[in-house]
Every structure is written in structure tokens, then in C-alpha cells.
Amino acid sequence: MSLSDPLLQVAFWSAATIASYLVAKHLHRRLMRWWSSPLVLAPAALIGLALALHESYRDYIRETHWLVALLGPATVAFAVPIWEQRGLIRRHWPALAAGVVVGSMTAMASAWGLAELLGLSGSLRLSLLPRSISTPFAMTVSGQIGGVPDLTAVFVALTGVFGAGFGETILRVLPLHSALARGALFGMGAHGAGVARAHGIGREEGSVAGLVMALVGLVNVLAAPLLAQML
Amino acid sequence: MDLRRIIIPGRRSLRSNRPAQIVLLFAFWLLGEALARWTGLPIPGGIIGMSVVLALLASGWLGQGSLRRGANWFIAELLLFFIPAVLAILDHPEFLGILGLKIVAVILGGTVVVMGVTAVVVDLCCRAMGRLEADGHVIE
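Sequence order for the protein chains is A and B. Each number in my numbering comes from the position in the first sequence (counting from 1) with 13 added on. Each number in my numbering comes from the position in the second sequence (counting from 1) with 13 added on.
It cannot be assumed that every hint is accurate.
Simulated crosslink set (SDA-like; lysine to any residue; CA at most 25 Å straight-line) [to be verified]:
#: 1; chain 1: B; residue 1: 115; chain 2: A; residue 2: 133
#: 2; chain 1: B; residue 1: 115; chain 2: A; residue 2: 129
#: 3; chain 1: B; residue 1: 115; chain 2: A; residue 2: 47
#: 4; chain 1: B; residue 1: 115; chain 2: A; residue 2: 137
#: 5; chain 1: B; residue 1: 115; chain 2: A; residue 2: 122
#: 6; chain 1: A; residue 1: 38; chain 2: B; residue 2: 86
#: 7; chain 1: A; residue 1: 38; chain 2: B; residue 2: 32
#: 8; chain 1: A; residue 1: 38; chain 2: B; residue 2: 90
#: 9; chain 1: B; residue 1: 115; chain 2: A; residue 2: 48
#: 10; chain 1: A; residue 1: 38; chain 2: B; residue 2: 117
So these bits of chain B aren't anywhere near chain A, every CB distance computed over 12 Å [what the hints assert, rightly or not]:
#: 11; residue: 26
#: 12; residue: 29
#: 13; residue: 30
#: 14; residue: 51
#: 15; residue: 52
#: 16; residue: 147
Partner residues aside, some chain B positions facing chain A, computed with beta carbon under 10 Å [said to hold, decoys possible]:
#: 17; residue: 45
#: 18; residue: 56
#: 19; residue: 61
#: 20; residue: 63
#: 21; residue: 67
#: 22; residue: 95
#: 23; residue: 96
#: 24; residue: 115
#: 25; residue: 119
#: 26; residue: 124
#: 27; residue: 133
#: 28; residue: 138
#: 29; residue: 139
#: 30; residue: 142
Since the hints were derived computationally from the structure, they do not count as laboratory data. Predicted, not measured: the structure shown is a model, and the values here were computed from it. Where a beta carbon is used, it is the ideal one built from N, C-alpha and C, also for glycine.
Take these sequences, add in the hints, and give me the full structure.
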């Protein structure tokens, strides 16, 4: 087998991706800094490796696309937290619905407005709109409204890193009285990374954050065809 | 009757079998994709698969224990599945300059606004509902 063998390339880049993720996850558990997040460390290491080996993104994504495809079954998996939290939904559905709808609209409007202010337009701006949604849903929405799903994945990652980092500072400034509001802040603002942080604050905050993240994804994907017509 | 006898022991072993649950979730996703293509609905297969699972959980055909471990695995390792897409940055060297700073500003500013607005809205709703409930109790 030569080094340019396609199968070997798939094995090499898949292994490199999984290994850098596992190492970053392990380091993050010890260091707990924003820059040690697997969303920062793993891509940084892989970018370094790709540059050193002159690997293009087109080749890399072709070889690791099967990992991205697992986002499909991951979407199905969100049914379980939604079902497990059905008691919470029944008790607090007005507050949850308000948070999910107002939060999603704020996310899209703030991205649109700030992009306008800074002179970003076209597919770049459209790719920024779904950044507060969890990845499998965000990439779907991005494709439907005319954005570039891969770029959206980058923006979703940045949102998770910033949101998980700044969430607690915002908590300190805002006088929030309910665990529901604290959890919604993380689930709406920083999806997966935020849910992990919310679990660190409290059990109820963690479940609310996970539920809000799942609901935000669901609502936005269902609203995407409508949004696509408006844009 | 016979079917029950087969399904129930099957369920018990499924409860502790994470790989089997992962395969099961994968199968529901494929089913969702097939349904999406067949019906021509503009809804992604993953969402249809999720709705099918929710319907099965609600009807009692499927216990949450039969999927929980697999679902927790998928959600816990979510970051791994989109790390490859983050490398799209390789195709955008222009992000290293002013444009990158602008994008960071949009994301940072937007995220702070979203978090603040969402938390305040939910908190106000909770307080309003709490007051309604308290009033309700007084009337009772």
C-alpha cells in the first residue's frame, strides 16, 4: 500500500480526528479553560497537521465525512432527553416556549443586525444566522436558507466556546430567580458546550439546558422552509 | 402472546447494550431518511426519525431504557461529529484578518444578547406563572 492509497488516507485522517478529539476531551477535563475545549484544541491540532502534510479541506472532508454523517442519528437521539423531560415540559411549557421562540428570533436578528453593521453580507451572513442552534440542526437550517453548512459548523463551534465561557459572567450580572432561566440561558446561547456547563451549575439547570437545546433545534428546522422564503 | 415472549427478554438485554442501542438509533435515522425521500417533505430525515421515536415512546411500544444509553453516547460525543466540518476554515485564509475579527464580533455580541434576552424572558414567564398559580390557590 502506498501512502496515497485512498483507503489508507481515510483511515489516517479519521484516526487523527478521533485521536485529537479524545486527547482534547481528556485535557479539557483537567484544565477546564475555554481554549482547552475540544472545539478549539482538536481543530487547531488537525489544521496544523493538514498544513504540514499539504492536505486540502476537500480531501480531508471526503475522508472524514462518515463522522459528520453521524450527526443524523445524533439528531434522532435528541428524542430521549425530550421524552425524559416531558414532566418539565408539561409544567413549564409557556416559559420554555417563550424562551425558545424569543431566543431563536433574537439569535437570528442579532446575527443579521450585527453583520449588517459590520458590512458582512451574502452567504457569509446567512451562514451566521443559525449559529445558536445545535450543529446537526444548524447545518440543515444553513443549507435551507442559502448559507454554507460547513461555515455554519465553524460559527456554531465559536458560539459554543464563547457562550460556555461568558455564560457565568452573564449569570452574575443578571438577577435570575429560577433554575429554568439559568438553564435556558445556556441551552439557547451555547448549545452542547453550554449544556455541559449548565450541568456543572446544577441538576435542574442541566436538564433544562439540554431540553432547550433540543427544542431550539427542532423548532428552527421546522421553521427553516418558512424562513427561507422570507430571506 | 408468543411475540410478547420474544420481545420482552429482548428488551431486557437491549437495556444494557449500548452498541445495540446505537445501531437502533442509526436504523431510526435511516428510516427517517427513507420516509423523507418517499413523502417528499422538506423535513430532514433525522427530525422524522426523532418524531417516530417520540411517537413510539409515547405509545409505550418502546421503553426509554431501550435507547437511553445509546442516545446519551451520541449526545455526549456530539462534538466529535462536527470537528471535521470546522476544518472548513482551511479554505478561508481570509478569516485570519479583519474579516475574522468582524465574524468573532458578530458571534460574541450576538451570543451575549441571546443569552441575556432568553434568560430574562424565561425568568419573567416563571414569575408571571408563579403569581397566576398563587392567585389560583387563593381562589381555591
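Cross-check of the supplied hints:
Proposed proximity of residue 115 of chain B and residue 133 of chain A is supported: the alpha carbons are some 8 Å apart, at most 25 Å. With a C-alpha separation of about 11 Å, the suggested pair residue 115 of chain B and residue 129 of chain A falls inside the 25 Å cut-off, and the hint holds. Distance hint between residue 115 of chain B and residue 47 of chain A is fulfilled; the C-alpha atoms sit about 20 Å from each other, no more than 25 Å. A threshold of 25 Å between alpha carbons decides the hint, and for residue 115 of chain B with residue 137 of chain A the separation of about 11 Å falls inside it, so the pair holds.
Under the criterion of a C-alpha separation no larger than 25 Å, the hint pairing residue 115 of chain B with residue 122 of chain A is consistent with the structure, at around 16 Å. Using a Cα cut-off of 25 Å, the hinted pair residue 38 of chain A and residue 86 of chain B holds, with the two alpha carbons roughly 14 Å apart. For the hint linking residue 38 of chain A to residue 32 of chain B, the alpha-carbon distance of about 21 Å falls within 25 Å, and the restraint holds. With a CA separation close to 10 Å, the supplied pair residue 38 of chain A and residue 90 of chain B stays within the 25 Å bound.
With a CA separation close to 20 Å, the supplied pair residue 115 of chain B and residue 48 of chain A stays within the 25 Å bound. Among the hinted pairs, residue 38 of chain A with residue 117 of chain B is consistent with the structure: their alpha-carbon atoms are about 24 Å apart, no more than 25 Å. Distance check for residue 26 of chain B against chain A: the nearest CB is about 19 Å away, which clears 12 Å, and the non-interface claim stands. Look at residue 29 of chain B: its CB is around 16 Å from the nearest CB on chain A, clear of 12 Å, so calling it non-interface holds up.
Non-interface status of residue 30 of chain B relative to chain A is upheld: no Cβ of that chain comes within 12 Å, the nearest being about 15 Å off. Even its closest Cβ contact with chain A, about 17 Å, leaves residue 51 of chain B beyond 12 Å, as expected for a residue assigned away from the interface. Non-interface status of residue 52 of chain B relative to chain A is upheld: no Cβ of that chain comes within 12 Å, the nearest being about 14 Å off. The beta carbon of residue 147 of chain B sits about 14 Å from the closest Cβ of chain A, which is more than 12 Å, so the claim that it is off the interface holds.
Satisfaction of the interface hint for residue 45 of chain B is found here, the shortest Cβ-Cβ separation to chain A being roughly 7 Å, below the 10 Å cut-off. The beta carbon of residue 56 of chain B is positioned within 10 Å of a beta carbon in chain A (closest approach about 7 Å), and the interface hint is therefore held. With a cut of 10 Å, the hint placing residue 61 of chain B at the interface with chain A holds, because the nearest CB-to-CB distance is about 9 Å. A hinted interface residue such as residue 63 of chain B counts as satisfied when its beta carbon comes closer than 10 Å to some beta carbon of chain A; here the least separation is about 4 Å, so the hint holds.
Taking 10 Å as the C-beta contact cut-off toward chain A, the hint placing residue 67 of chain B at the interface holds, the least distance being around 5 Å. Annotation: residue 95 of chain B was flagged as interfacial toward chain A, and the flag holds, the nearest CB pair being 4 Å apart, inside 10 Å. Hint on residue 96 of chain B holds. Least Cβ distance to chain A is approximately 5 Å, under the 10 Å limit. Taking 10 Å as the C-beta cut-off, the interface hint given for residue 115 of chain B holds, the closest approach to chain A being about 4 Å.
Using the Cβ-Cβ criterion of 10 Å, the hint placing residue 119 of chain B at the interface with chain A is satisfied: the shortest such distance is roughly 4 Å. Taken as an interface hint, residue 124 of chain B checks out: its beta carbon lies about 5 Å from the nearest beta carbon of chain A, inside 10 Å. The interface hint given for residue 133 of chain B holds, since its Cβ lies 7 Å from the closest Cβ of chain A, which is under the 10 Å cut-off. For residue 138 of chain B, the suggested interface contact is upheld, since its CB lies about 4 Å from the closest CB of chain A, less than 10 Å.
Taking 10 Å as the C-beta cut-off, the interface hint given for residue 139 of chain B holds, the closest approach to chain A being about 4 Å. For residue 142 of chain B, the suggested interface contact is upheld, since its CB lies about 6 Å from the closest CB of chain A, less than 10 Å.
Hint violations for this structure: none, all hints satisfied.
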